[in-house]
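Given these sequences and hints, build the entire structure.
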Amino acid sequence: MGCIYALAAVGLALIWGLMEIVNFAHGDFLMLAMYTTFWLWALYRIDPLFSLPVAVMVVFGLGVLTYRGIIKRVLNAPMVAQIFATFGLGLALRSGAQFLWTPNYRMIQNPLAGGVMSFFGVAMGVPQVVAGVVAIILTVALYLYISRSETGRALMATSEDRETAELMAIDTHRMFTVGWGIGSACVGAAGALLSMYYYIYPEVGLMFGLLAYVAVALGGFGSIQGALLAALVIGVVQVTSSFFLSPAYKMAFVYLLYLVVVIARPRGLLGRW
Amino acid sequence: MTVTSLLKAHWPLVLLIVGLLIFPLAVREPFPVHLMTMVFMWSTLGMGWNLLGGYAGQVSLGHAVYFGLGAYVPALLLVKAGVVPWVGMIAGAVVACLVAFLLGWPLFRLYGHYFSIATICLCEVVWILFTNWDWAGGARGLFLPIKGTSLLYMQFSQKTGYYYLSLLILVCCFLVVRHVSTSRLGYYFRAIKGDPDAALALGINITRFKIVALVLSALFASICGCFYANYVLYIDPDSTLVFHISCLMCLIPVLGGLGTLVGPIIGAAILVPLSEFTRVYFSGAGRAVDLLIYGTLIVILAVLQPTGLVGLVERFRVRTAKQCAGGWVEKNG
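Sequence order for the protein chains is A and B. As numbered in my numbering, residues 1 to 273 make up the first sequence, in order. As numbered in my numbering, residues 1 to 333 make up the second sequence, in order.
Hint data in this document are derived by calculation from the structure and do not stem from the laboratory. None of these values were measured; they are calculated from a predicted model. Positions of the beta carbon are idealized from the N, C-alpha and C atoms, including for glycine. Take the hints with a grain of salt, since some may be wrong.
Here are some, though not all, of the chain B residues that point toward chain A, as calculated from beta-carbon distances under 8 Å [said to hold, decoys possible]: (1) Ala136; (2) Val254; (3) Val289.
Derived pair list, reagent style DSBU-like, types lysine-lysine, alpha-carbon separation capped at 35 Å [said to hold, decoys possible]: (4) B:Lys147 - A:Lys72; (5) A:Lys250 - B:Lys80; (6) B:Lys159 - B:Lys147; (7) B:Lys159 - B:Lys8; (8) B:Lys147 - B:Lys80; (9) B:Lys159 - B:Lys80.
So, in structure tokens, the structure goes:
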């Protein structure tokens with residue numbers, strides 16, 4: 001679970017680091033990715049593992065479109081306007097999904113990776129394990145891409161200092177577009193993986209979007225490693241608290257964790273001080 | 001000043017007041033009266049939020065907590081102990097303000113998004129607690145006992161009573177906000193919003209005044225919560241403590257104009273009918289077309305007019321002023 005959060009949170013952290021905008025529609029991008037994999041499975045019997053690239057492409061495109069259509073216009077607007085632009089988008093996507101596909105809960109039956117396996121005496125669902133492993137691979141790949149490739153470095157340069165990056169002949173608007181694309185693609189991948197074992201319904205993104213937001217803040221805005229760490233911590237807290245106490249309160253513990261951490265360290269775990 | 005000269009000087013205001021007072025008597029349909037009541041309630045909520053978010057610049061996305069507490073405390077007191085809602089309203093306001101006061105100290109260590117997320121988290125925690133708290137109704141919610149038309153129990157069989165009550169609340173809050181915005185306190189708030197460091201350097205105790213703003217806005221929200229509980233006569237965590245309410249509370253002043261006196265009223269006068277009408281006309285069969293339209297409109301508004309509708313008026317005013325100035329410059333070189 002934590003690995004999926006990590007993937008979603010990294011995408012959000014990337015967008016934030018780039019332009020200090022939080023995408024409140026992030027969770028709904030995840031929801032769309034889940035529906036993409038669901039329909040590919042329902043109509044063409046393509047397993048989520050193979051339709052993952054398709055979902056990623058779809059959400060990548062969505063991210064680029066969002067940047068071009070909406071975000072570009074509110075770049076210099078006050079924070080609340082940015083919040084509402086993406087909040088409204090999320091609301092529209094959510095209700096659009098409900099309009100098209102009804103609010104019913106759906107599920108992909110018998111995915112390729114299914115069943116339960118035993119690992120040192122601990123029973124674990126195979127889809128969860130596969131999803132976790134793939135999520136880790138993708139996160140590492142993304143990290144390498146950002147830190148090694150030309151585009152990735154240009155992205156980091158843009159997030160470091162926009163004006164200087166422009167002086168170095170980096171097309172910042174292109175970088176923003178790419179950043180939104182990649183950031184969204186991350187959550188797209190997370191959604192595709194999640195659809196292997198989680199219910200699919202229009203409001204599924206709400207909780208995951210909020211969690212990703214909390215994870216990014218918990219890790220410290222502007223720090224991708226921080227988001228990664230925080231997402232894993234959140235996953236662990238969720239599982240242990242629902243195991244030892246009551247599943248009903250597991251989210252409450254995550255939020256309380258955030259409050260405690262942030263009050264102690266107002267810039268998150270690894271944020272820029 | 002004689003009555004006639006007063007009338008002459010302020011005739012639009014007098015007209016507005018008379019119009020609002022006779023509205024429910026002239027229009028006997030329940031729906032328009034309900035609509036206006038909701039506009040009043042949301043204006044008040046928006047105004048309360050605006051004190052903290054608009055004047056003092058602290059974007060809280062968890063104000064539903066105070067609304068929910070304001071709804072739950074009087075409802076619980078009425079159901080469990082038979083306490084009159086008017087006393088409950090005061091109790092709810094005290095609880096909400098106390099919570100705001102206690103939370104203020106730790107919360108205002110945070111800035112920007114960290115603060116906003118902390119408020120969301122708090123609201124979610126309270127929502128989870130109330131959903132799982134069986135004594136307070138749990139997820140099933142609370143039904144308030146029906147007492148018939150009784151001013152004492154804040155219940156009216158006709159919507160007209162609620163209309164006047166909400167109008168009264170709105171006017172009271174409007175006067176408070178107007179007083180605050182022109183007083184020292186209002187200038188402190190704006191100074192904190194404009195530049196916290198400069199405000200600190202000038203000797204303003206930032207945290208204290210942020211807490212004052214938070215407590216004031218919690219007060220407004222809790223009063224509205226009590227009104228809401230007595231209007232609908234049924235509350236559950238999903239209708240009082242959710243993120244959606246917090247967002248709407250924030251959206252109204254943002255749309256109308258942040259940190260302005262009439263902004264929240266304009267915002268509510270547009271958003272509330274919009275959501276009610278789309279709900280009435282498009283929400284058949286649970287396909288959420290109303291929310292689809294609503295969401296799309298929010299995006300369009302945020303993109304086209306990020307400074308709110310008051311900003312639109314200001315822009316127009318500045319433009320005409322510039323034109324005048326330009327003409328003057330041309331004439332006088």
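Hints, verified against the model:
Evaluation of the Ala136 (chain B) hint against chain A yields a violated restraint, the C-beta minimum of about 14 Å exceeding 8 Å. With its C-beta approaching chain A no nearer than about 5 Å, Val254 (chain B) sits inside the 8 Å limit, and its interface hint holds. Given hint, Val289 (chain B) at the interface with chain A, holds; its Cβ is 6 Å from that chain's nearest Cβ, closer than 8 Å. Our distance criterion of 35 Å between C-alpha atoms is broken by Lys147 (chain B) and Lys72 (chain A), whose separation comes to about 55 Å.
As the CA atoms of Lys250 (chain A) and Lys80 (chain B) are separated by approximately 29 Å, the hinted pair is consistent with the 35 Å bound. For a cut-off of 35 Å, the pair hint linking Lys159 (chain B) to Lys147 (chain B) stands: about 15 Å separates their Cα positions. As the CA atoms of Lys159 (chain B) and Lys8 (chain B) are separated by approximately 33 Å, the hinted pair is consistent with the 35 Å bound. The straight-line distance between the Cα atoms of Lys147 (chain B) and Lys80 (chain B) is roughly 15 Å, inside the 35 Å bound, and the hint therefore holds.
Taking the CA atoms of Lys159 (chain B) and Lys80 (chain B), the gap is near 26 Å; set against the 35 Å cutoff, the hint holds.
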